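Novice: Protein chains in written order, with the working numbering: chain H, 10 to 407; chain Z, 354 to 787; chain R, 11 to 251; chain E, 18 to 367; chain A, -3 to 271.
Hints in this document: simulated from the structure, not taken from any laboratory.
Treat the numbers as computed from the prediction; the structure is a model and nothing was measured.
Cβ coordinates follow ideal geometry from the N, Cα and C atoms, glycine included.
Just the calculated beta-carbon pair ranges, DEER-fashion:
{"no.": "1", "chain 1": "Z", "residue 1": "W486", "chain 2": "E", "residue 2": "T50", "range": "40 to 50 angstroms"}
{"no.": "2", "chain 1": "A", "residue 1": "D78", "chain 2": "E", "residue 2": "T50", "range": "36 to 46 angstroms"}
{"no.": "3", "chain 1": "E", "residue 1": "Y39", "chain 2": "A", "residue 2": "G41", "range": "36 to 46 angstroms"}
{"no.": "4", "chain 1": "E", "residue 1": "L228", "chain 2": "A", "residue 2": "G26", "range": "23 to 33 angstroms"}
{"no.": "5", "chain 1": "E", "residue 1": "R35", "chain 2": "Z", "residue 2": "L498", "range": "19 to 29 angstroms"}
{"no.": "6", "chain 1": "Z", "residue 1": "W486", "chain 2": "A", "residue 2": "R208", "range": "52 to 62 angstroms"}
{"no.": "7", "chain 1": "R", "residue 1": "A128", "chain 2": "E", "residue 2": "G55", "range": "47 to 57 angstroms"}
{"no.": "8", "chain 1": "R", "residue 1": "A128", "chain 2": "Z", "residue 2": "R625", "range": "51 to 61 angstroms"}
{"no.": "9", "chain 1": "A", "residue 1": "R135", "chain 2": "R", "residue 2": "G233", "range": "53 to 63 angstroms"}
{"no.": "10", "chain 1": "A", "residue 1": "D78", "chain 2": "E", "residue 2": "Y39", "range": "19 to 29 angstroms"}
Derived pair list, reagent style PhoX-like, types lysine-lysine, alpha-carbon separation capped at 25 angstroms:
{"no.": "11", "chain 1": "H", "residue 1": "K196", "chain 2": "H", "residue 2": "K230"}
{"no.": "12", "chain 1": "H", "residue 1": "K21", "chain 2": "Z", "residue 2": "K405"}
{"no.": "13", "chain 1": "Z", "residue 1": "K405", "chain 2": "H", "residue 2": "K66"}
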Amino acid sequence: SENETGGDSGGKTLIIGVDLPFQGASADTSEATYNAMQLYLDQIGGKAGNYTVKLQKYDDSTAAKGGWDDATCSKNATDHVNNADEVAVMGTYNSGCAKLQVGTLNQAPDGPLLMVSHANTNPGLTKAWEPGEPEKFFPSGTRSYARVITTDDYQGAAAAQFASKDLQVKKCFVLNDNQTYGQGVAKAFADEAAKQGIQVLANEAWDAKATNYTALMQKIKSAGADCVYLGGIYDNNGGQLVKDKVAVLGDNKGAVKLIGPDGFTGYEDFQKLPAGEGTYLTFAGLDASQLKSAGGKGSKLLADYAAKYGKEPASSYVLYGVQALQVILAAIEKSDGTRKGVNSQVFSGAGISISAADAVLGKDLKIDPATGDINVRDLSVLQMTSGAEKFVKPWPLP
Amino acid sequence: MSSETMSVVPPTRRRFALPHSARWPLGFAIAALALFALYYFVYYGPVDPDFKAWVQRWLSIASMNESLVWIMCALGLNIVVGYAGLLDLGFVAFWAIGGYTVGWLMSAFFQQVDINILGTAPAGQRGIHINFWIVLVIAGALCALMGVFIGAPTLRLRSDYLALVTLGFGEIIPQLFYNGDNFLQTGFNLTNGTKGILPVDPVEAAAFDKSGVGFRNLGVFDHLSKYVIFVFLVVIIVFVSLRLREGRLGRAWLAIREDELAASAMGVPLMRTKLSAYAVGAIAGGFGGAAFAIHINGVLPDRFKFDISIILLAMVVLGGMGNVWGVILGAFAISWVNSTGLPQAGNAFNESFGTNIDFPSFNFLLFGAVLVLMMLFRREGILPEARTRLVLREPGRTEAESLGADMEAQAPELEALPDVEVAGEATTDEGKRS
Amino acid sequence: MTGATGPMLTLNDIHVYYGNIAAVKGVTIDVNEGEIVTLIGSNGAGKSTTLRTISGLLKPRKGNVTFLGRRIDGINAHDIVGLGIAQSPEGRRIFPKMTVSENLDLGAFLRKDKAEIAADKERMLELFPRLRERIAQKAGTMSGGEQQMLAVARALMARPKLLLLDEPSMGLAPVLVDLIFDTIKRIREQGTTVLLVEQNALAALGIADRAYVLESGTLKLAGSAAELRQDDDIVKAYLGG
Amino acid sequence: MTTSVAANPRPRLGQQIRTYAYWAAAIAIIVPTVIWLGWEIATEPVLFFSSAVAGLSNGALYALIALGYTLVYGIIELINFAHGDLFMLGTLFSGLVLVTILGQTVTGVSLVGWLSFILALVAVAAFCASINVTIEFFAYRRLRRAPKLAPLITAVGISFILQWVGLKWNGSMQKTGWPSLLPQGALNIAGVEIRYTFFVVLAVTIPVLLLLTWVVTKTRAGKAMRATAQDQDAARLMGINVNRTISFTFAVGGALAGVAGVMYQQTIGTTRYDLGFQLGLVAFTAAVLGGIGNLPGAVLGGVLIGLIQGINDGVGLGQKYSATVVFTILILVMVFRPAGLLGSSVGEKV
Amino acid sequence: MTAAVEPTGPVVPDAPAAALHAEGIKVQFGGLIAVNGVNFTVPNGGIVSLIGPNGAGKTTFFNALTGLYKVAAGYVLLGGRDITGLPPHRVADLGLARTFQNIRLFGLMTAEENVKVAMHSHLKSGVFGTVLRTPRQRREEKEAHETALELLDFVGIGKTAGEYARNLSYGDQRRLEVARALALRPKVLLLDEPTAGMNPRESAQFTEFVHRVRDEKGLSLLLIEHDMSVVMRVSEHITVLDRGEKIAEGSPEQIRTNDRVIEAYLGTAGKESGA
Ligand SMILES: Nc1ncnc2c1ncn2[C@@H]1O[C@H](COP(=O)(O)OP(=O)(O)OP(=O)(O)O)[C@@H](O)[C@H]1O
Ligand SMILES: Nc1ncnc2c1ncn2[C@@H]1O[C@H](COP(=O)(O)OP(=O)(O)OP(=O)(O)O)[C@@H](O)[C@H]1O
Ligand SMILES: CC(C)C[C@H](N)C(=O)O
Ligand SMILES: [Mg+2]
Ligand SMILES: [Mg+2]
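Okay, chain H solo, but in the shape it has when bound (with noise of 0.2 angstroms):
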């Protein structure tokens, strides 16, 4: 790895890699979001700049867990490392497992190497949350993680402003999947929940091993709960804990509502289960019926998608995942085709930037040089509505 070719450039292949969970709950996600990049990559002609660019996969889950995995997560970071090709990756879709590869990317001896995230929302990668975060996360003291996503203190913010002034609730129950990303949005959903002058009863973890959540119901019940919100992932057995919270405190239209994040859309399985009609959800981002319907070259690629494919994606971060793309290939463009290079175009000077046009996002794009946070801040209210996740209204931020 030490004798990198760096002047002749001239058609050099450089690999991305894409780092996602391809196996459980989130595999149908994963596989749609890499193929639209490739279709999207196929489109543009393979290429940034002078450079041919290929996507590798890297599958962050094991069958056994049915998703990510702490020491799969690890052991990839290393391998993005050892791969001399790999200038840049795209993911990781969880935020637990992105702060266990970060820290280990930062560090390659050939200069940080990249990583653009188009769905960690935890605030941590990117801005203080918990002791240490960031700065942890970059020992080499450049930072080299970036993101094309809103983050949870906007997104659990979000959803506590809908669900007192929209949904007029008064007690919540809080619950937690115990994973980095879970707690920092029920976090950040209790806190503006209080402000907002909701009671929180609890904040609580769920055991995602636990057979059901009966008992647990039936303390929320008794606690008087007239909304649960469920910060964590779909993965960790969310089905069971939907429906005994349907079996328990009666549907999620009645006089108990039931609020989640993003870690509980996308989800086909989710969306067939009947117990979840009802449920509110929250999108740290535009879900893809707005991205459709606002045209533009977002629309126009989930449109070969779906005419590849046979449909549409069942999520909207598959969008994203392009877009996430596009950030990198516009920095490889920009760069000398080195680790370094490619991360320094996206953490120096004006970094970069994309346009309405270009972007599948359809806004102007720009990447903040010094945190790695995109300028836009978008946020969705979704409703489970016939097995569908139906958009309800945006949620303005300040």
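Chains Z, R, E and A with the ligands: place on chain H using the hints.
Specialist: Same frame as chain H, but now just chains Z, R, E and A with the ligands:
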């Protein structure tokens, strides 16, 4: 040397022959050194990039280091199960404790305090920063203590129950770590929960790189230097295992494995002897845990699951209970297949046949099948100790008589099978003993 | 004796192995109906192995076993019991977690005649009053000798045509040793054939019609019990003379 | 006898201290627990009893699984780690029978529903029984005379293989959203809800327990099973067909796993390839808690564990400590009553 | 204790000075009193037998002496020292060794190792000594090795030192049990039915062996035995138990002619076969 002796072959040969007991240690040393040389050249020598890629793919140093961690823990379990015959299904607890010791004492996690004992953290960082080598000793001690703590109330139990209770501890302790961000609902953050404690401080040790050997803090990518540390730890554990087995304690362990009641009537204090097996095994587990923490540069509770205990047990059994060399082989084989063999073979297969089979998901099948087939056809492991072979092959006559067990004769059904292999082994076994 | 032709039980040149080790190497034995035949020999001679082979717990690698004109080597042990061979095995092998009563019942496992079974059980308790005292005790907690009584009684509960006894007097008090030998004589009178293995060779030869002497897995001598009692070698080797 | 002193044993100080420590520890554990429970009942009766009932319904299911565990253990002293996984396959097969084959797609009670339910019970029981018998035939039978560790490890291996089957069959995700044919809804007693399905589970578990107890203690087959359990060669000498007896035991154990599978699929209705492994541990714990090998003990143990979990979820440390609580109790029972709640210890005779 | 018990033999007056003295031993299993108030003495250097019908409580009494069972009443003095209620390994340490009615060797250890196990309490080296192989540890191991071989030779199975115990013949296993017990350097050796399964000739040889052990190792022996020829020849003093109680004690001659013993134990024929 006179010409007559020259003509006689055997004496000349004997001059080069190794004592039997030195064969395996020497083999191990050669393998370890050869690997070191290989990695050194792959990383820092002028090697063909294809070869480098090949090594990285099939025998990457990171997975080698992980194998070494498995080996340490398997060796620890071997003392408990293989030597003392105490079935422990919760060994993962020690691995976890060893890991967290590093997490606690070598990171910025405890922001409340500022302790630095020969630590390697960047100046000004709060937390507890103690030198790895001290922490290693602490981890061993803590695990030994935990071993005694776990053992004391439970070692009186019959073997099955002991298995269950250790299993219980193997579930409880990781769960306490897992939920330790709000330890027992007290609000105290003991372990940072699922998010784990990372990164941990670098280890200060001999570093091997392009420029040769130096003494400095190791970085995330100093795999080779960590390899040296891990091999060193394995050597210590092997050495202690071998020495203990020979002595008074090893005999007492064996006696307990054979017949607890008779052992106690012969003056062997049961509790103390069993506890010592637990403690010594736990220390090895603690070393493994500490090594693992510096290998992955942190600790994450998710790794410490029940299956780890089972896999460790499988390693011990596959390799040959009671024989450290067998256990090393077994542990290496299983961890290599899990981390590298299966996925890479799968990739190779998928690439060349254009299929899309998810090979790693077959590891359940592979793993299960290996266990079952081993038990059916080679119960004593790949590299059995003569004694263990007998334990698992054909229980003795006295046992059958005194316990009224069902193990007296070979099953008539089996008698009917032409069992050539068994015959061959039995003779070699006889040969070895004499 | 019911006019059957030929011996009731024949072992014809049997070879029996434990794994690789030959325990019995070419033994030929006949037992005629109504006889008491004893098998003597020093430790490890292969006596118990022979009995286990008859019962079908072991399979001879070579040779055959015939019972009432039928080959029984290779037949399942439980079927052999059905043919009328019961054994009181070496080491007692009572069911330790079952009561004395249940143990006795199991002796009659293959029998269907409830009333008769009850009567037989009563008879056993009569014979060994100690067992009656302990009737509801878990057999495993009984003393060695008590277990031995139970093992013999259990075998008798099967009402076998051929009874195999492996060291029935082991660990018994002298009074009971006498009782056991008396009992053996008595059941023979009632028509049961007995093959007896004993260390207490003197006593065994005292009640047996014929005897076989085993030595390291092979047959060393055979003859009438009375003859063997006079044989100097035998006396020297086994009777402590 | 000149000095016929009725000498009393002279207790040693160390021993005395140990006895006191033992009792002190027992009291130190029991008293606060009882006080705490009392306090919870007094302050939040509805929550307490609701959680308890929720736990009990799980417990009844654990009991069914534990029965199969204890039965097999009782006969061949094998901790059959694969039992839970067989149960998991049972849940999947139940789904297959009811949804795919019988075409049940909506939740709700009907005569056809009940008939299908009963048919599923029979079919799944038969399915699991035959798998179990097959496993016994190919694996455990060859290990009859091997020391305990060998079949134990084999069982672990089989467990992995069955999990793999589940993984390939169902994928690595939770399978959920099956329709249930059992009456939904709940009986409300002073605010405490008892789901109707609980009664169905009881209506299955209790007769099964009684039937099994009768089989094991009263029938010839049962006697053969117990004899085989203790000494296989001696059992052969009694005329017992040991292989058939063990096959029969595995068949019954498998059928129990199947019945539990149907009940689980119909009442809880979420499964995953590793469900069986987890519940297997719980069920095994239940079996040991009750006294392993003891049938009523298994049911008691299962119900107790469910109850404890429920109370812990509702008013205790919370769900995330459920394994900790269950296993702590298990360890305490092992320490204070090593033979389990209903088991009796037979000391070794020397 | 029933009044019927007559001290028929030379009662040891100075009990505490005896090698082993048990007073009022009572063992209970639930409602069953297996041993009831038995007083018992093994004089220094004596060979004493315990006989009695099956189920009389002999083995149970042994187990009570060696700490395997808890006594409900009574105490045990070993060389004047109270050992009641001590755990088995402590009892063994203090010099009370035993063999088992059912042989309980460590089957998969060699004969030599079997013997060395019993030296556990005499050896001193700990974990560190063993790992570092200190000179002291090496010396100790060497001595242990020599002692073990010596003991095996003593019981006549020196050739089998390297054999696994389970491969030894029955008679050799019995001998190994004795060698192992001797390795404890006991003051008193308890043998439970040592000749069971031996043929009369071997039993006869055993008698001499017992004397040799006593004389050369300078210890006291207590044995349980049903073979009257052995008992009568070997014992200096015999105690008879029946139903947990002592019904007689005395010299072999006294016992042989004691009516109660004949009735309960020997039977009429017992005399002939025992002679
Ligand atoms: N389960 C076994 N495994 C291996 N070898 C055995 C087994 N059982 C017996 N043997 C060996 O087979 C030979 C014959 O043993 P067997 O038990 O038949 O002798 P025996 O004549 O009954 O002696 P004893 O008087 O001691 O009962 C002996 O050498 C013995 O060690
Ligand atoms: N654990 C126990 N539980 C219940 N009863 C027991 C237990 N152990 C022994 N017994 C009973 O106590 C009595 C004494 O048994 P013990 O073994 O001491 O007899 P023994 O004198 O050694 O007889 P043997 O000469 O037959 O060996 C017997 O009746 C036996 O059934
Ligand atoms: C797609 C989501 C389930 C992932 C989540 N936003 C996270 O950061 O982990
Ligand atoms: Mg025999
Ligand atoms: Mg006895």
